[in-house]
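Single-letter residue listing:
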Amino acid sequence: MTTTSIKVIETPLVLFTLRRADDAVILGHRLSEWCGHAPTMEEDMALANMGLDLLGQARSLYSYAAETEDGGHDEDDLAYLRDAPQFQNLLLLEQPNGDFAVTIVRQFLYAAYVDPWWRAMMASTDPTLAAIAAKAEKETAYHLRHAAEWLIRLGDGTAESHRRAQEALDQLWPYVGEMFEPGDEAGLVAAGIAADPAALRPAFDATVASVLDQATLRPPASAWAQRGGRQGRHSEHLGFLLAEMQHLQRSHPGAMW
Amino acid sequence: MTEQRTPLWEVFIRSRNGLAHKHAGSVHAADAEMALQAARDVYTRRGEGLSLWVVPSDAITASDPADKGMLFEPTSSKIYRHPTFYKVPDDVGHM
Numbered sequence: 600m601t602t603t604s605i606k607v608i609e610t611p612l613v614l615f616t617l618r619r620a621d622d623a624v625i626l627g628h629r630l631s632e633w634c635g636h637a638p639t640m641e642e643d644m645a646l647a648n649m650g651l652d653l654l655g656q657a658r659s660l661y662s663y664a665a666e667t668e669d670g671g672h673d674e675d676d677l678a679y680l681r682d683a684p685q686f687q688n689l690l691l692l693e694q695p696n697g698d699f700a701v702t703i704v705r706q707f708l709y710a711a712y713v714d715p716w717w718r719a720m721m722a723s724t725d726p727t728l729a730a731i732a733a734k735a736e737k738e739t740a741y742h743l744r745h746a747a748e749w750l751i752r753l754g755d756g757t758a759e760s761h762r763r764a765q766e767a768l769d770q771l772w773p774y775v776g777e778m779f780e781p782g783d784e785a786g787l788v789a790a791g792i793a794a795d796p797a798a799l800r801p802a803f804d805a806t807v808a809s810v811l812d813q814a815t816l817r818p819p820a821s822a823w824a825q826r827g828g829r830q831g832r833h834s835e836h837l838g839f840l841l842a843e844m845q846h847l848q849r850s851h852p853g854a855m856w
Numbered sequence: 816m817t818e819q820r821t822p823l824w825e826v827f828i829r830s831r832n833g834l835a836h837k838h839a840g841s842v843h844a845a846d847a848e849m850a851l852q853a854a855r856d857v858y859t860r861r862g863e864g865l866s867l868w869v870v871p872s873d874a875i876t877a878s879d880p881a882d883k884g885m886l887f888e889p890t891s892s893k894i895y896r897h898p899t900f901y902k903v904p905d906d907v908g909h910m
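Top to bottom, those sequences are chains U and A. For the first sequence, the numbering used here assigns the number 600 to the initial residue and increments by one for each residue that follows. For the second sequence, the numbering used here assigns the number 816 to the initial residue and increments by one for each residue that follows.
Please keep in mind that the hints were generated in silico from the structure rather than gathered at the bench. One or more hints might be untrue.
Some chain A residues near chain U, calculated using beta-carbon distances under 7 angstroms [as the list claims (entries may be wrong)]: (1) Leu851; (2) Gln852; (3) Ala853; (4) Asp856; (5) Val857.
Only a predicted model underlies this, so the values are computations on that prediction, with no experimental measurement involved. Glycine included, C-beta positions come from ideal geometry on N, C-alpha and C.
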């Protein structure tokens with residue numbers, strides 16, 4: 600590691616945009632880890648496709664954050680030259696891929712939250728964010744359908760797939776609460792720039808209830824929420840992910856191919 | 816535990832309005848809905864499609880390659896079935 604980290608001037612809008620870019624790049628990287636390892640060729644491509652959708656969203660958001668910050672950084676600096684405590688992605692998204700059930704449950708919980716969120720963001724008073732939302736929503740709508748169909752078949756499949764799906768759900772459920780916390784973004788919500796996450800919870804709950812019912816899975820009873828991602832307090836997994844994701848740019852600054 | 820084989824599906828894509836669906840390849844999937852998703856993910860990554868069909872591969876009845884001579888060779892001598900066989904009078908112009 601030869602390149603030092605950058606310091607970002609975090610205005611509320613920069614921070615808001617960076618957080619969503621971090622969400623997209625971290626989950627996109629996790630999905631890319633399946634490349635060449637997925638259970639079937641069809642799923643290998645499906646997961647890579649979704650990873651690329653997320654990478655595209657991350658690029659748009661990082662570029663906008665860099666432009667808004669006006670601190671001489673670009674999208675690559677923001678993705679590759681910040682350290683784990685500066686990343687403010689949701690904790691759910693940095694969780695390891697686990698088995699296929701864990702990956703599908705993680706994808707389902709995030710898509711069930713973020714697809715309505717992007718739809719609400721299409722009405723943002725910030726025209727750039729509204730335009731990114733219009734593109735992202737079509738992508739996340741498919742992510743939601745893909746993950747929901749798989750979850751239904753895993754849950755309502757064999758005894759083994761049901762057991763694994765239920766375990767994945769129980770394992771990841773504590774990370775749901777963080778998605779709906781208003782945090783320090785109330786000002787942006789009031790200005791009509793940001794969608795109010797709390798208002799999206801009923802839609803999320805309805806989607807989850809319907810899919811879990813079809814999947815014959817039991818909704819976890821605990822409402823306890825693990826938090827910290829939006830403040831840069833992460834699980835031990837993010838550092839390893841960043842070490843791999845940032846290695847090349849840190850070792851060979853500005854490398855292109 | 817008995818291992819069940821995942822069914823095979825043939826994928827057809829219509830690339831534009833007004834064109835016919837064309838065979839693109841095949842995917843493995845547990846049921847029709849998942850086959851459509853797999854077809855979308857494998858065969859429409861570069862804007863190839865406006866519409867997708869998936870058909871269970873075992874629903875297709877294929878001609879036997881051994882019957883090739885009987886089925887297809889007799890037509891090779893029927894050149895009068897091609898429009899180019901016929902002379903068009905000059906005063907007809909372009910057809």
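Now the hints, each set against the structure:
1. Leu851: 10 angstroms, violated
2. Gln852: 6 angstroms, holds
3. Ala853: The hint holds - A:Ala853 has a Cβ within 7 angstroms of chain U, the shortest such distance being about 4 angstroms.
4. Asp856: 4 angstroms, holds
5. Val857: At 5 angstroms from the nearest chain U Cβ, A:Val857 passes the 7 angstroms test, so the hint holds.
Checked against the numbered hints given earlier, this structure breaks only hint 1.
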